[in-house]
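Chains as they are written, first to last, in this note's numbering: chain A, 55 to 379; chain B, 3 to 368.
These aren't lab readings, by the way, just hints derived from the structure by calculation.
Yeah, the Cβ is synthetic: ideal placement off N, Cα and C, and Gly gets one too.
There may be inaccurate statements among the hints.
When the alpha-carbon atoms are kept at most 27 Å apart in a straight line, the in silico DSS-like pairs for lysine-lysine are as follows [unchecked claim]:
(1) Lys100/A <-> Lys155/B
(2) Lys87/A <-> Lys185/B
(3) Lys348/B <-> Lys307/A
(4) Lys100/A <-> Lys185/B
(5) Lys348/B <-> Lys20/B
Listed next, the stretches of chain B that the computed footprint assigns to chain A, with coverage defined by at least 3 CB atoms under 8 Å from CB atoms of chain A [to be verified]:
(6) 40–53
(7) 168–181
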Amino acid sequence: MPVVNMIQALNDALRIEMRRDPRVVLLGEDVGKLGGVFRVTLDLQKEFGGDRVIDTPLAEAGIIGSAIGMALYGLRPVPEIQFADFIFPAYDQIINELAKYRYRSGGEYSCPVTIRTPVGGGIRGGHYHSQSPEALFIHPTGLKVVIPSNPYDAKGMLLSAIRDEDPVLFMEPKRIYRAAKGEVPEGDYTVPLGKAAIVREGNDVTILSYGAMLHTAMEAADVIEKEDNTQAEVIDLRSLLPLDRETILESVKRTGRVVVVHEAPRNCGFGAELVALITEKVFLHLQAPPMRVTGFDTPFPYTLEHEYLPDVGRIRDAVKQVMNY
Amino acid sequence: MALELMQVISEKGLVNHKQEPSISDQDLLKLYRTMVLTRQFDDRMMKLQRQGRIGFYLQSLGEEAAHIGAAFALQPQDWIYPSYREPGAAFLRGFPLTKYVSQLIGNANDPIQGRQMPVHFSYREGNFTSVSSPVGTQIPQAVGTAWAAKLLKDPVVVLAFFGEGATSEGDFHVGLNFAGVFKTPAILFCRNNHYAISVPLERQTASESIAIKAKAYGITGVRVDGNDVLAVVKATREAAERGRKGDGATLIEAVTYRRGAHSSSDDPRMYRTDQEVENQTLLDPIARFRKYLEGKKLWNSQSDAELEEEVKSQIIAAVEAAEKFGNPPIESMFEDVFAELTPELKDQQEYLLDHRKRYPRTSEVK
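Just chain A, same shape as in the assembly (with noise of 0.2 Å):
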């Protein structure tokens, strides 16, 4: 099997469904000449052409608005976001018009959207090119919510993505884009949305990641094992809306112990919901109260972004914690 970075699986997944499906359709701001700012559509607009592959005029509510639009009629858009700070000139109209339009319509009309906009810091883009804001997406229902760790599941996610029937905003870790490398197969494979992914196995503590973090989780289980000799089960949600709450309560009573990590902030952050959902629901297997390791309450720092992300440190110390309490 080829060893593709993140662009390049996700560009392989466009382009399998492009030629598979003629309902769908990209659109966004540089996505077709240039194939986009990070090219994750490289070469796409000269294979599908210019009306199937579509620069727009840079306003995100037209681009969400139009693909709207175009989804109510059959077609398949699946609209870039260059980045998800820029997404909220599209709020309304992804909170209020997309996610709504099933229930609203009750079910007369259906909205598959496929929203893709790189997400997270780490590479130098300061407040306006770093930010993590999934929780805002899926608090108010009606959107489901993704974001890959790795090039076998961005393949395989976007697939799923692009051919469900409800609306999908497909978070990508930038910092990760080319970074994560690993093996894909070249043809058509889904990765179900909904489905959490046991990375590493262990007894010790459950820690509950996603994104580029699970990464820097990652790293974190394998020093706390050398050095702390605790043993790490880490899980990659993956999907944060559906979540798989099953794979993560099954975790948590065997551990119970638990970290989430997340670089978006704190308060009200998805981790939030996590450690309600397990206070809740497996209360009595807990050893030690869980803990969260995430980004700060402030804006999203330049010079300071590797203080301000979650980092092996950080982790390993609240894994210390929650194992000594």
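Fit chain B to the supplied structure of chain A, relying on the hints for placement.
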């Protein structure tokens, strides 16, 4: 240069035969009938709201020519994106009155199961999309649908209704800009009724007109007398033809007046005089169209009385039929959030059903 106001029937009822659109006698009567039905329906629903039988209503009084004329000019395969003051457009396409009254009540016969407040209906069969409260969001969506039809080479045009208040929203700019750049077969139909709740036109724009704004987007702009149904039909037909021929989008400004309150919750005396409204009543679109039909010997006072009666009993029957239904079932609240219930929603649905079994409501909540 200022855009001329397109007119076929003048305020005094004089017909400009050069501008008269070709419409069969039967269709003229259908158009008139729908306008009368809509006015009576609106009137009846405002009364039901006052009696507490429906929770809220938005009437289209005085704007019947604008929205029904526009819908009439389209083909059945064409799509309509409503704002929230165009019930006649749906009636013209066959939206059953009983379904609509059921939606206004929010009962089990409501196609959307009481999920939205009154007037926010959806009518897929009539290529009529779902009404949403946020103003102007339908404009880029309509442009997207028109764009999709163009990509698929379908002979479909898409019309979006909105008020002049919506032209202040970013989505208006965004939608018109996309419509111009991608030359989509869209008709952006502005019912300029001069009020966005209490805020008058002068507070929405300093532009000499709404229609003139089309120029900046590279699309056609047309200004039409929105109280003259034949002028509206003509302007919309021409816009549809432009769209179908590949000549792109049109912004139509139908100049009309919102004679009623914004909604059943509004009190227009706080911001305008009765005299102002009285002056507008003289421009009534239904009276003007009736004169035209009478001039063609298609109509007389007796047929009017008969139609009034017929429409009235139709509305009464629809209300009676709709009021027989109870609330939608509790489980329906959780459906259609997604194509399938997520495990969380399934849990919450089961929880509520179980809770309600253990703690029945002591009184019926309306």
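Outcome of the hint check:
{"no.": "1", "hint": "Lys100/A <-> Lys155/B", "verdict": "holds, 21 Å"}
{"no.": "2", "hint": "Lys87/A <-> Lys185/B", "verdict": "holds, 20 Å"}
{"no.": "3", "hint": "Lys348/B <-> Lys307/A", "verdict": "holds, 22 Å"}
{"no.": "4", "hint": "Lys100/A <-> Lys185/B", "verdict": "holds, 22 Å"}
{"no.": "5", "hint": "Lys348/B <-> Lys20/B", "verdict": "violated, 63 Å"}
{"no.": "6", "hint": "40–53", "verdict": "violated (count 0)"}
{"no.": "7", "hint": "168–181", "verdict": "holds (count 6)"}
Going through the hint list in order, the structure does not satisfy hints 5 and 6.
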